[in-house]
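Protein chains in written order, with the working numbering: chain P, 1 to 84; chain L, 85 to 289.
Hints were generated in silico from the structure; no laboratory data involved.
The beta carbon of each residue, even a glycine, is placed where N, CA and C say it ideally should be.
The reader is advised that the hints may include incorrect statements.
Simulated pairs of lysine to any residue, SDA-like, Cα-Cα distance not exceeding 20 Å [unchecked claim]:
no., chain 1, residue 1, chain 2, residue 2
1, L, 183, P, 49
2, P, 53, L, 181
3, L, 209, P, 25
4, L, 158, L, 273
5, P, 53, L, 131
6, L, 183, P, 39
7, L, 132, P, 53
8, L, 209, P, 42
9, L, 132, P, 25
10, P, 22, L, 273
11, L, 211, P, 40
12, L, 179, P, 25
13, P, 53, L, 186
14, L, 124, P, 11
15, P, 22, L, 211
16, L, 132, P, 40
Across the chosen pairs, the derived CB separations fall in these ranges [unchecked claim]:
no., chain 1, residue 1, chain 2, residue 2, range
17, L, 161, P, 56, 29 to 37 Å
18, P, 14, L, 186, 34 to 42 Å
19, L, 187, P, 40, 45 to 53 Å
20, L, 251, P, 19, 21 to 29 Å
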Amino acid sequence: MENLIENLKRQIIEQLNLAEVKPEDINPSAPLFGEGLGLDSIDALELIVLLEKHYGLKIQDPKDAKDIFASVNSLAAYITSQKK
Amino acid sequence: MSNYILAYTKIKNNCLWHNGKLITESIDKTGLNFLDEAYKTLNLSYPKFFKMDALSKLGILCAEQILVSETISKVPKEKTAIVLSNKSSSLQTDKAYSKTMSNFPSPSVFVYTLPNIVIGEISIKHKITGENAFFIEPVFNAQLLHNYTELLLQESESVLCGWLNTSDTTCEGFLYLVAKQTTSDEKKFNFIKHNPDSITQLYIN
């Protein structure tokens with residue numbers, strides 16, 4: 001799980017062009033949207049691309065997206081649950 | 085009251101000039117890295133900059149120099165218009181997006197596949213809410229910019245105008261702010277009369 005979280009941090013920085021953010025700056029339990037990294041709706045679309053590109057995952061029900069993308073931790077938990 | 089050019093900024097050959105004064109230049113004269121270098125040199129704090137395409141980065145850097153100066157920051161932003169032009173439209177970004185389509189189309193690249201997005205980025209950063217237009221011209225057209233700006237100044241108080249063009253390897257930006265001023269301000273601040281000849285001279289020199 002720890003490796004997955006570190007990978008996710010690097011992938012988020014790369015996918016979202018967060019040039020001034022380092023992996024250690026990202027608190028895995030902090031909200032990704034609104035505060036924390038302050039991501040916007042286009043970033044949400046990029047996260048969907050990231051999930052499919054790196055993990056082959058598609059979110060089946062859009063209603064689940066809010067909880068899945070709440071934080072790096074919740075994203076990692078979703079990936080782990082889908083790999084089982 | 086007459087219309088004057090209050091300030092101008094140019095980016096060309098990896099150099100950034102403001103009102104004729106060299107602000108920053110890059111030793112590496114190749115590629116578009118200059119835009120990111122200039123952002124760091126100017127100590128701008130706007131993380132969204134790195135998500136932008138080259139055209140918007142070019143516009144943000146040019147506009148920043150003009151719109152934050154003490155004299156100009158008093159110009160009401162709700163009565164400021166923006167009129168821009170270029171030759172290549174958003175072709176560079178269009179090609180970049182096209183490349184992503186064979187694999188995973190990128191939403192963040194797609195949003196920059198229109199040339200007037202740079203107007204939106206400048207407007208968001210500086211809270212400008214006036215009229216705007218973007219013209220595609222084969223070469224820099226001072227007459228067109230002058231005529232359209234004069235028309236807008238019947239309702240607006242100032243207009244940010246110019247030329248922003250990017251290709252895969254180079255970028256060229258020239259922005260200037262035109263506003264209504266008194267003749268005494270012209271002498272006090274060395275403002276430049278707004279006409280096609282003065283615009284062309286500033287663009288060339």
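Decide if the proposed pair is consistent with the structure: residue 183 of chain L and residue 49 of chain P, CA atoms, cutoff 20 Å inclusive. Satisfied, since the Cα-Cα distance of roughly 15 Å is no more than 20 Å.
Can you confirm whether the C-alpha distance between residue 132 of chain L and residue 53 of chain P stays at or below 20 Å? Violated, at about 23 Å.
Is the hinted pair residue 132 of chain L and residue 25 of chain P satisfied, with a Cα-Cα distance of at most 20 Å? Holds, because 17 Å separates the two Cα atoms, which is no more than 20 Å.
Take the C-alpha atoms of residue 209 of chain L and residue 42 of chain P, compute the straight-line distance between them, and say whether it is at most 20 Å. holds (18 Å)
Could you grab the alpha-carbon distance between residue 22 of chain P and residue 273 of chain L and see if it respects the 20 Å cut-off? Status violated; Cα separation ~44 Å.
For the pair we were handed, residue 53 of chain P and residue 131 of chain L, check the Cα-Cα distance against 20 Å. At roughly 25 Å apart (the allowed maximum being 20 Å), residue 131 of chain L and residue 53 of chain P break the hint.
For the pair supplied as a hint, residue 22 of chain P and residue 211 of chain L, confirm whether the alpha-carbon distance does not exceed 20 Å. Since the Cα atoms of residue 22 of chain P and residue 211 of chain L sit roughly 29 Å apart, the hinted pair is violated (cutoff 20 Å).
Between the alpha carbons of residue 132 of chain L and residue 40 of chain P, is the straight-line distance 20 Å or under? Distance ~10 Å between residue 132 of chain L and residue 40 of chain P Cα, so the pair holds.
Distance restraint between residue 53 of chain P and residue 181 of chain L, which requires alpha-carbon spacing of 20 Å or less: Given that 20 Å is the threshold and the Cα spacing comes to 16 Å, the pair holds.
Status of the given 34 to 42 Å range, CB of residue 186 of chain L versus CB of residue 14 of chain P: violated (19 Å)
Holds or violated: 21 to 29 Å for the Cβ distance of residue 251 of chain L and residue 19 of chain P? holds (22 Å)
Is it true that the CA of residue 179 of chain L sits at most 20 Å from the CA of residue 25 of chain P? Roughly 33 Å between the alpha carbons, so the hint for residue 179 of chain L and residue 25 of chain P is violated.
Of the hints listed earlier, those the structure fails to meet are numbers 3, 5, 6, 7, 10, 12, 14, 15, 17, 18, 19, in rising order.
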